[in-house]
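Number of protein chains: 2
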Amino acid sequence: MQFHHHGYVSGDPRVRPAAATGIDRPTDLPDEVDVLVVGSGPAGMLLAAQMSQFPTVTTRVIEKRDGRLVLGQADGIQPRSVETFQAFGFAGAIMAEAYNIGWMNFWGPDPDNPQNIIRTSRTADYAYDISEFPHLIVNQARVLDYFAAAAAGGPGRIVPDYGVEFVGLTVHDDGEYPVEVRVRYTAGDRAGQERTIRAAYVVGADGARSGVRDAIGRVHVGGVSLHAWGVMDVVVNTDFPDWRIKCAINAEAGNILHIPREGGYLSRMYIDLGEVAEDDEHRVRQTPIEEIIRRANEILRPYSIDVKDVAWHSVYEVGHRVTDGFDDVAEGSDRAPHVFLTGDACHTHSAKAGQGMNVSMQDGFNLGWKLGSVLTGRSPESLLATYSAERRPVAQQLIDFDREWSSLMARKPEEISDAGDLATYYLATAEFPSGFMTQYAGSALTGTDEHQQLAAGFPLGKRLKSAPVTFVADGNVVHLGHHARADGRWRIYAFADAAPVGADSALAAWATWMQSAPESPLHRHTPAGGDIDAVFDIKVVYQQSFDEIDMTTVPELFRPQTGPLAVTDWEKVFAAGASRWNDMDIFAEREISRDGAVVVVRPDQYVAAILPLSATAELADYFARHLLPA
Amino acid sequence: MQFHHHGYVSGDPRVRPAAATGIDRPTDLPDEVDVLVVGSGPAGMLLAAQMSQFPTVTTRVIEKRDGRLVLGQADGIQPRSVETFQAFGFAGAIMAEAYNIGWMNFWGPDPDNPQNIIRTSRTADYAYDISEFPHLIVNQARVLDYFAAAAAGGPGRIVPDYGVEFVGLTVHDDGEYPVEVRVRYTAGDRAGQERTIRAAYVVGADGARSGVRDAIGRVHVGGVSLHAWGVMDVVVNTDFPDWRIKCAINAEAGNILHIPREGGYLSRMYIDLGEVAEDDEHRVRQTPIEEIIRRANEILRPYSIDVKDVAWHSVYEVGHRVTDGFDDVAEGSDRAPHVFLTGDACHTHSAKAGQGMNVSMQDGFNLGWKLGSVLTGRSPESLLATYSAERRPVAQQLIDFDREWSSLMARKPEEISDAGDLATYYLATAEFPSGFMTQYAGSALTGTDEHQQLAAGFPLGKRLKSAPVTFVADGNVVHLGHHARADGRWRIYAFADAAPVGADSALAAWATWMQSAPESPLHRHTPAGGDIDAVFDIKVVYQQSFDEIDMTTVPELFRPQTGPLAVTDWEKVFAAGASRWNDMDIFAEREISRDGAVVVVRPDQYVAAILPLSATAELADYFARHLLPA
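Protein sequence lines correspond, in order, to chains A and B. In terms of the working numbering, the first sequence has 602 at position 602, counting the first letter as 1, and numbering is strictly consecutive. In terms of the working numbering, the second sequence has 97 at position 97, counting the first letter as 1, and numbering is strictly consecutive.
FYI, nobody ran anything at the bench for these hints, they're computed from the structure. Note that this is a predicted model, so its numbers are computed, not measured. Note that beta-carbon positions come from the ideal geometry of N, C-alpha and C, so glycine has one too. Some hints here could point you the wrong way.
Covered stretches of chain B (in silico footprint by chain A; criterion: 3 or more residues with CB under 8 Å from a CB of chain A, positions within the stretch not fixed) [as the list claims (entries may be wrong)]:
no. : region
1   : 12-24
2   : 231-237
3   : 240-246
Here are the simulated lysine to aspartate or glutamate pairs, EDC-like style, with alpha carbons at most 20 Å apart [stated by the list, open to error]:
no. : chain 1 : residue 1 : chain 2 : residue 2
4   : A       : Lys308    : B       : Glu556
5   : B       : Lys308    : A       : Glu571
6   : A       : Lys308    : B       : Asp531
Simulated restraints on C-beta separations [said to hold, decoys possible]:
no. : chain 1 : residue 1 : chain 2 : residue 2 : range
7   : A       : Ile118    : B       : Asp531    : 48 to 58 Å
8   : B       : Glu275    : A       : His6      : 34 to 44 Å
9   : B       : Ser304    : A       : Pro527    : 46 to 56 Å
Could you put together the complete structure from these sequences and hints?
Printed below as a string of structure tokens:
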């Protein structure tokens with residue numbers, strides 16, 4: 001965490017100085033806004049936190065509820081989401097209050113007494129094999145609280161406009177604010193009043209029954225199955241020994257997915273209520289909690305639960321739907337989109353794979369920096385078309401995965417030939433539910449894989465998988481990726497060739513070109529008068545040990561003087577060589593060429609380009625595809 | 001973190017429900033208080049956070065300043081303090097914003113050109129060899145902020161009474177509130193007005209010029225040396241390569257102790273201003289900042305600093321003082337104390353060893369639970385005499401250490417025969433500046449060392465050194481000691497013998513006795529009607545692996561049903577056996593007998609008694625020495 005370089009900070013350094021629209025931000029919704037986000041769920045609140053990093057952009061978030069969410073339904077947090085929280089500054093805080101999924105146990109019928117269940121296997125959770133972050137369970141309401149704090153503490157000082165409902169919108173052909181949005185106050189003095197607001201861009205983050213989706217004529221395609229589940233968050237006393245371990249229970253009497261919750265007592269149970277009749281017409285949703293508990297006890301036999309408190313419960317039929325487009329641009333049109341759909345507004349599915357909130361947040365992360373880049377003049381409006389292009393395939397992949405997982409979970413014991421296949425599927429697909437299977441295809445944003453072998457451990461289009469390195473300035477071991485904050489900037493990691501630091505080398509030549517050449521992206525795309533690292537955060541990783549490197553011989557490119565005091569930034573120079581607290585060499589671990597490599601990472605942490613140190617023209621070309629001259 | 005067992009918690013689980021005096025706590029200072037803390041520095045604010053865990057006790061903290069501290073002078077945080085922060089729930093948060101001292105480098109005259117300095121050695125900081133927590137640098141103001149949040153979020157909802165100054169006190173012989181305290185408002189509508197408050201106990205946490213100390217006639221013994229230092233917190237540009245590493249610089253031109261600060265830019269420099277004349281009469285304190293910077297540049301030669309911002313600076317002569325008693329009880333008297341001195345009010349010394357704030361906090365930690373225990377009727381008033389008995393020797397040890405360290409730091413190069421001896425001293429004494437040399441002597445609180453060999457790695461009288469273990473309930477690896485919160489409770493760790501869990505064993509017999517015997521401390525000292533773990537938090541550590549243990553066969557003692565819902569606590573049962581993420585066996589690591597042992601740990605984390613599982617009568621006797629029948 002870097003601070004004090006704009007003057008001494010006495011209070012919480014997580015709260016950044018207000019800037020631009022964040023200074024004297026009006027409490028009332030203005031008539032004209034750059035970005036209007038409809039809905040304050042996971043996608044909407046991530047957007048609030050992200051747009052707060054672009055304080056020159058006027059962003060408002062409307063929410064029909066009159067205040068903070070009290071009880072969220074989603075609770076599963078993928079390692080990829082924790083990685084995202086790290087970028088927003090709250091991974092540590094939320095981990096400390098979450099349940100950490102270490103294991104998943106599987107239960108099935110006891111062969112000697114098939115009406116009873118027995119534990120058939122234990123499986124270590126996949127998270128730690130895939131990421132340095134765990135797989136968590138924490139209430140969605142808390143996730144939103146943390147994003148709200150990041151939004152309010154960012155330079156844009158964004159707080160949601162509670163008690164304002166979306167009514168409808170019309171996209172006009174021209175003007176700076178082409179989207180006319182009708183809203184209604186639902187709370188406070190003006191409750192019931194309607195208003196019209198003009199926006200440059202509107203984001204529908206308004207859930208499965210999205211009004212924004214309807215307003216742009218998009219259709220939620222798919223349907224509801226005839227299989228019902230009860231779900232409850234309960235505090236119990238029980239003789240079931242795995243109450244605090246995630247379990248898939250497959251009994252003769254039905255199925256349970258059991259997920260311990262944060263706080264050490266509460267657990268969530270998804271309880272199979274079986275097939276429903278074709279003419280049921282959702283009557284199953286009236287199933288009383290007593291019946292759900294009775295079913296749970298039937299499935300758990302010979303164990304039982306004595307429910308002491310029900311925090312929440314519901315009944316639903318599994319549905320799978322994807323919207324036919326994630327923005328308001330008709331197929332074949334090449335105009336830029338002005339309305340976007342995120343989260344449940346464009347993909348809905350069962351809750352049991354613990355995916356929904358996570359994919360929604362990544363929708364927001366994908367869209368936020370693009371809006372910021374366009375609205376600050378860094379990128380052409382055409383960049384915005386990549387949102388739908390990148391996120392629709394992810395949503396489809398999600399639905400396919402969830403459909404398979406849901407049906408595996410809903411099988412009867414006699415349909416199961418191999419008792420271990422659920423566990424096998426769980427592990428084999430681990431990367432997907434962890435959030436790491438997203439791989440953006442080649443586009444203006446994702447370079448070609450011509451030089452992939454220079455950094456084989458950073459697959460193009462996938463998120464940068466971090467590894468520990470050592471800060472040269474202070475000898476502390478840090479995770480390289482954890483220094484990529486969600487600040488809308490591009491990261492360029494220069495992995496050095498093996499030459500001694502300070503000597504002539506491919507790295508030194510690259511640094512000189514980057515710093516001095518008029519065609520360098522640093523010069524072409526960084527606005528004059530601001531910090532030299534305003535758009536590009538350029539870091540170097542040397543192959544040597546930190547104590548073999550003299551900071552004063554490192555190229556100045558990696559020691560920029562920034563801020564109003566123009567003081568040296570010491571935190572852009574890393575060492576891969578072994579040190580007292582780190583024996584992992586990122587070059588070996590991520591298969592980076594000893595001749596060096598340049599790895600470009602997008603503001604949302606996806607690997608965008610991999611190039612040799614010598615490929616300066618290609619690097620300039622890459623950025624020219626989606627960044628404008630400053 | 002455990003919650004949801006008193007009903008669903010929607011918001012921040014760190015904020016506990018208000019209770020007793022925390023409900024409708026009056027904003028104005030009452031006429032009668034149980035505990036009046038004078039001063040809101042490190043000792044005072046730790047006390048606020050600690051007393052907030054005893055909500056039936058009325059505690060107020062007066063502070064003459066009209067608000068939060070803006071700029072603190074202390075910044076060094078020992079691993080022992082981070083351990084303490086963990087108990088108060090904010091270690092992770094403060095670590096994320098602090099500077100982590102990984103290394104200490106030593107610089108001396110270049111033999112070829114003695115007017116220049118060269119790096120003579122690098123030394124890895126000792127912290128990680130001693131503790132799982134690091135050695136940090138973070139502004140005292142932030143430490144106080146975190147304690148303030150813990151105090152305000154605890155059941156007692158304690159917030160300091162800012163703008164109220166201590167004037168004087170008189171201790172009377174009788175009554176429930178024997179201390180008559182005169183205070184004056186320094187801010188707000190009543191500024192200038194005086195009032196009298198009656199208190200059961202008063203804590204002087206009012207710094208080196210303590211009015212409370214003077215009021216009880218205690219004398220600060222010691223003096224000021226004739227050696228002056230300048231100190232400054234600065235943001236600079238520099239060619240000195242170790243700007244972000246802690247350094248001891250010993251040049252011909254003088255000495256510098258250089259300590260990087262949090263945030264990546266700021267550093268603190270202690271700059272040797274040399275001997276002062278006997279008749280100087282503190283004129284050296286007028287040394288201008290320009291002169292301090294000039295001296296620094298002289299010492300740093302051939303390097304230099306270009307100062308861009310001075311956050312704070314000062315000049316002082318090293319002083320060493322200890323007060324002749326830490327409470328108001330005259331030597332030879334056996335009445336209980338009613339006034340206590342903590343922190344700088346009873347020990348002052350140089351800042352350079354980074355000790356002051358740390359020792360002050362431990363003063364508060366030592367005193368807080370004792371006041372709570374007496375004021376909730378758990379312990380006799382005689383317990384309070386142990387505060388001075390335990391803390392005075394620690395203060396004397398501190399002064400002796402600091403005097404040695406200060407004079408080593410102030411040597412001229414020609415006085416140094418062995419260039420490595422400062423580094424050697426630094427490492428050899430590492431346990432002291434880390435905060436782990438405190439070892440309370442035998443007393444009513446510290447048992448005999450007769451059975452020390454049953455747990456040789458937990459020295460009696462020292463703080464419990466934690467180690468990783470596995471939660472049986474969920475298979476997650478946790479640090480045993482991190483589950484000891486600063487909640488005023490006693491921890492009893494039952495380390496099991498090797499028998500299978502659920503079989504007859506020494507552990508099972510001990511658990512039965514503890515739970516059922518009328519003479520068990522659990523029955524004798526736990527108030528009726530409350531939770532069974534209200535006074536004693538009893539945990540078990542088995543030798544097996546977590547997956548060899550069936551939670552439902554663990555003695556009920558370790559699975560108590562607590563809270564208004566009377567639900568099972570799953571977090572008191574640990575496994576030492578190897579698991580996927582932990583290959584450290586706490587039995588081996590801490591030399592615990594395979595026949596088992598009972599380790600009693602005080603509310604402030606010090607090891608108080610070690611006994612065999614069979615020594616039930618001795619355990620009962622131990623607690624009867626300082627706990628009353630409930």
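Consistency of the hints with the structure:
no.: 1; hint: 12-24; result: holds (count 3)
no.: 2; hint: 231-237; result: holds (count 4)
no.: 3; hint: 240-246; result: holds (count 4)
no.: 4; hint: Lys308(A) <-> Glu556(B); result: holds, 19 Å
no.: 5; hint: Lys308(B) <-> Glu571(A); result: holds, 18 Å
no.: 6; hint: Lys308(A) <-> Asp531(B); result: holds, 17 Å
no.: 7; hint: Ile118(A) <-> Asp531(B): 48 to 58 Å; result: violated, 34 Å
no.: 8; hint: Glu275(B) <-> His6(A): 34 to 44 Å; result: holds, 39 Å
no.: 9; hint: Ser304(B) <-> Pro527(A): 46 to 56 Å; result: violated, 33 Å
Going down the numbered hints, you'll see the structure goes against 7, 9, while the others check out.
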